[in-house]
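Participant: Chain residues, written in single-letter form:
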Amino acid sequence: MGSCTLWAGGDHLLLVELRGFTEMYRRFYFRDVQAIIIRPTERARTWSFLLALSALGLAALASGVGAGWNIVGWILAGLALIALIVNLSLGRSCECTLQTPLQTVALRSLRRLRRARGVLARIRPLIELEQGPLANEEALVRAREAAATGSPEPAGIPVAMEPAGSPAGERPPVVVPGGPPRHESGRVHEALSYVLLLSAAVTPVPVLYFNVWLNAALCLLFLGRLGCIIAALVRQKSSDLPIELRRFAWTAFGWECGMIAAGFACGVVVVVRILNNGALLADSPTPFSPLTVMNLMRDDPGTRILSLLSSVASLSLGVWGLVLHRRLAPSRREPWRILPI
Amino acid sequence: MLECTACRAALPPDVLAGQVPARCPRCEAWLEISVFPALFRPLAAGEAGQAVLSDGESACFYHPRKRAVVPCESCGRFLCALCDVNFNDRHTCAPCLESARGRGAFPALETRRTRHDQIAMALAIYPLLLFIYPSLVTAPVALFLSIRAWRAPGSLVHGTKVRCVLAMLLATAEIVAWILLINLFITRLRTAR
Chain A
19 MGSCTLWAGG DHLLLVELRG FTEMYRRFYF RDVQAIIIRP TERARTWSFL
69 LALSALGLAA LASGVGAGWN IVGWILAGLA LIALIVNLSL GRSCECTLQT
119 PLQTVALRSL RRLRRARGVL ARIRPLIELE QGPLANEEAL VRAREAAATG
169 SPEPAGIPVA MEPAGSPAGE RPPVVVPGGP PRHESGRVHE ALSYVLLLSA
219 AVTPVPVLYF NVWLNAALCL LFLGRLGCII AALVRQKSSD LPIELRRFAW
269 TAFGWECGMI AAGFACGVVV VVRILNNGAL LADSPTPFSP LTVMNLMRDD
319 PGTRILSLLS SVASLSLGVW GLVLHRRLAP SRREPWRILP I
Chain B
90 MLECTACRAA LPPDVLAGQV PARCPRCEAW LEISVFPALF RPLAAGEAGQ
140 AVLSDGESAC FYHPRKRAVV PCESCGRFLC ALCDVNFNDR HTCAPCLESA
190 RGRGAFPALE TRRTRHDQIA MALAIYPLLL FIYPSLVTAP VALFLSIRAW
240 RAPGSLVHGT KVRCVLAMLL ATAEIVAWIL LINLFITRLR TAR
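Residue numbers (the numbering used here), protein chains in the order written: chain A, 19 to 359; chain B, 90 to 282.
If you're looking for bench data, these hints aren't it; they were derived computationally from the structure.
Source: prediction; values computed, not measured.
Misleading hints may appear alongside valid ones.
Far from chain A, some chain B residues (derived; all Cβ distances over 12 Å) [unchecked claim]:
hint	residue
1	S143
2	S147
3	P160
4	N175
5	C185
6	F220
7	P229
8	T276
Beta-carbon label-pair distances, calculated as ranges [to be verified]:
hint	chain 1	residue 1	chain 2	residue 2	range
9	B	L198	A	L239	55 to 61 Å
10	A	V90	B	D103	53 to 59 Å
11	B	L217	A	V90	23 to 29 Å
12	A	S107	B	V265	42 to 48 Å
13	A	L36	B	L270	34 to 40 Å
14	A	T167	B	S163	37 to 43 Å
In silico negatives: residues of chain B with every beta carbon more than 10 Å from chain A [what the hints assert, rightly or not]:
hint	residue
15	E146
16	L225
17	R237
All C-beta atoms in this analysis are idealised placements derived from N, C-alpha and C, irrespective of residue type, glycine included.
Model the full assembly from the supplied sequences, consistent with the hints where possible.
Facilitator: Here it is, written out as structure tokens:
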């Protein structure tokens with residue numbers, strides 16, 4: 019819980035983070051600012067997607083339930099729609115990072131591209147007033163020079179501050195944060211593709227034929243798919259996996275989340291309809307049991323459409339993942355090595 | 090040098106050559122990079138301090154073998170070039186700077202402040218939103234804190250006392266309401282007897 023705001027002073031920027039009831043301050047003097055990097059992200063689009071899905075789901079729920087309760091549904095759907103409109107009007111999301119000689123800090127108050135660009139346009143003259151202007155060509159030449167000669171280091175460390183045991187002039191090795199990227203073969207992504215293809219084949223089966231064991235197998239398949247997605251996301255973090263395969267894993271994750279939400283909304287609508295129809299009343303010919311509910315859900319046209327949609331999406335995703343893996347992964351596999359005898 | 094904010098890989102100098110936004114060669118993330126001259130400026134060198142050459146020379150309090158160059162403006166101790174901290178055009182030693190920071194003598198060194206006005210406001214409002222009864226205790230506490238927060242250093246960026254005033258008014262109203270309620274209860278109890 020907390021907020022983050024950025025303030026411009028006479029000679030520095032002040033980042034104020036409110037954590038609980040304590041304000042934390044960080045100052046960045048204009049003379050020390052080395053770079054400001056803005057990276058557009060997909061966070062706002064993901065939120066838009068989720069909010070649109072919520073609005074649609076709630077609207078479907080409101081239209082499904084009886085009079086009285088539908089007002090709550092419509093109000094919630096309206097709120098989701100307002101949040102969606104606000105999110106869209108704020109524009110694309112981004113991450114803004116400020117770099118000084120001693121630290122690199124994410125400016126959490128600048129999370130929208132338009133706003134970040136506006137703030138940068140406002141503080142650039144202040145920074146240039148302290149440091150002087152730097153043309154792009156000059157920056158390129160100086161960056162190449164710095165890369166050729168090594169990055170600028172402190173001109174000297176006082177002798178009194180050196181460790182007692184280290185000889186003069188000798189420095190400890192510099193440890194680069196993060197280090198080199200980890201090698202990742204993409205096998206988990208391949209497994210995820212196969213699981214998606216299996217899901218595509220199995221998901222429409224309950225529409226035609228249904229029993230408890232099949233339902234249990236489908237649950238296991240769902241858990242396996244979820245596990246594969248999580249494993250793929252974990253494995254690709256800080257690895258050298260190509261961006262296309264990373265996108266595939268994230269798309270599968272987004273699709274899974276969307277399907278869970280849609281399935282939940284659809285289930286609620288169906289259950290409300292069943293209750294309204296009086297199919298599960300005490301004097302009903304069909305006694306109440308989870309299996310009865312599942313059977314009734316199976317007959318619902320919304321559930322059938324969702325199953326088919328899920329199957330088609332699984333097939334598309336699975337094929338996409340396999341094609342990507344075939345195209346990108348073979349060259350990435352480590353060659354066989356002769357073991358020393 | 091520069092590194093990609095998505096994958097933390099070092100960016101080659103050529104990312105500054107192309108169009109804006111540039112693309113990270115490793116993770117292919119789009120980056121809008123603005124660089125300033127400080128990126129290519131080496132850090133200022135620290136001074137080690139010179140050794141004492143003759144017996145008559147004054148030495149640093151913390152390094153007796155180093156020549157003193159300036160006295161601390163807070164404690165008066167002699168300091169060598171290494172121990173001299175030039176901050177806000179004042180020459181001080183590190184312990185004096187640390188104690189001054191602890192006392193809040195240098196606002197530019199403050200890294201945190203507690204928002205007493207927000208605590209008072211929360212104590213005045215949250216019990217009303219959740220349950221009414223805790224306000225019997227929290228209202229006097231909120232009033233005390235808002236009076237205390239009036240003189241305490243507030244936020245560095247929000248100089249207003251609006252929260253203090255609102256907390257005072259709310260807490261006072263809650264206390265008055267409780268007094269009236271208790272009075273009503275006692276009166277009813279007496280009339281019932």
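Participant: Give a verdict on every hint.
Facilitator: Do the hints match the structure? See the list:
The non-interface label for B:S143 is consistent with chain A: the shortest C-beta to C-beta separation is roughly 21 Å, beyond 12 Å. Its beta-carbon lying about 18 Å from the closest one in chain A, B:S147 satisfies the requirement of being farther than 12 Å from that chain. Against chain A, the non-interface label of B:P160 holds: every CB pair exceeds 12 Å, the least being about 19 Å. Listed as a non-interface residue, B:N175 keeps its Cβ farther than 12 Å from every Cβ of chain A; the least gap is roughly 15 Å.
The claim that B:C185 is not at the interface with chain A holds, since no C-beta of that chain comes within 12 Å of its own (minimum 19 Å). Distance to chain A confirms B:F220 as a non-interface residue, since its nearest Cβ pair spans about 21 Å, more than 12 Å. With a minimum CB-CB distance of about 19 Å to chain A, B:P229 clears the 12 Å threshold, and the non-interface call stands. With a least CB separation of 40 Å from chain A, B:T276 remains clear of the 12 Å interface cut-off, as annotated.
Between B:L198 and A:L239 the CB atoms are about 59 Å apart, so this pair conforms to the stated range of 55 to 61 Å. At roughly 57 Å, the beta-carbon separation of A:V90 and B:D103 lies within the given 53 to 59 Å, and the hint holds. The hinted range of 23 to 29 Å is satisfied by B:L217 and A:V90, whose Cβ atoms lie roughly 25 Å apart. Taking the beta carbon of each, A:S107 and B:V265 are about 44 Å apart, inside 42 to 48 Å as hinted.
A hinted range of 34 to 40 Å holds for the C-beta pair A:L36 and B:L270, which are about 35 Å apart. Look at A:T167 against B:S163: about 42 Å separates their beta carbons, and that is inside 37 to 43 Å. With 10 Å as the threshold on Cβ separation, the claim that B:E146 sits away from chain A holds: the shortest Cβ distance comes to roughly 18 Å. Separation of B:L225 from chain A is adequate, the least Cβ-Cβ distance of about 22 Å exceeding the 10 Å criterion.
No Cβ of chain A approaches the Cβ of B:R237 within 10 Å, the least distance being about 14 Å, so the stated non-interface status holds.
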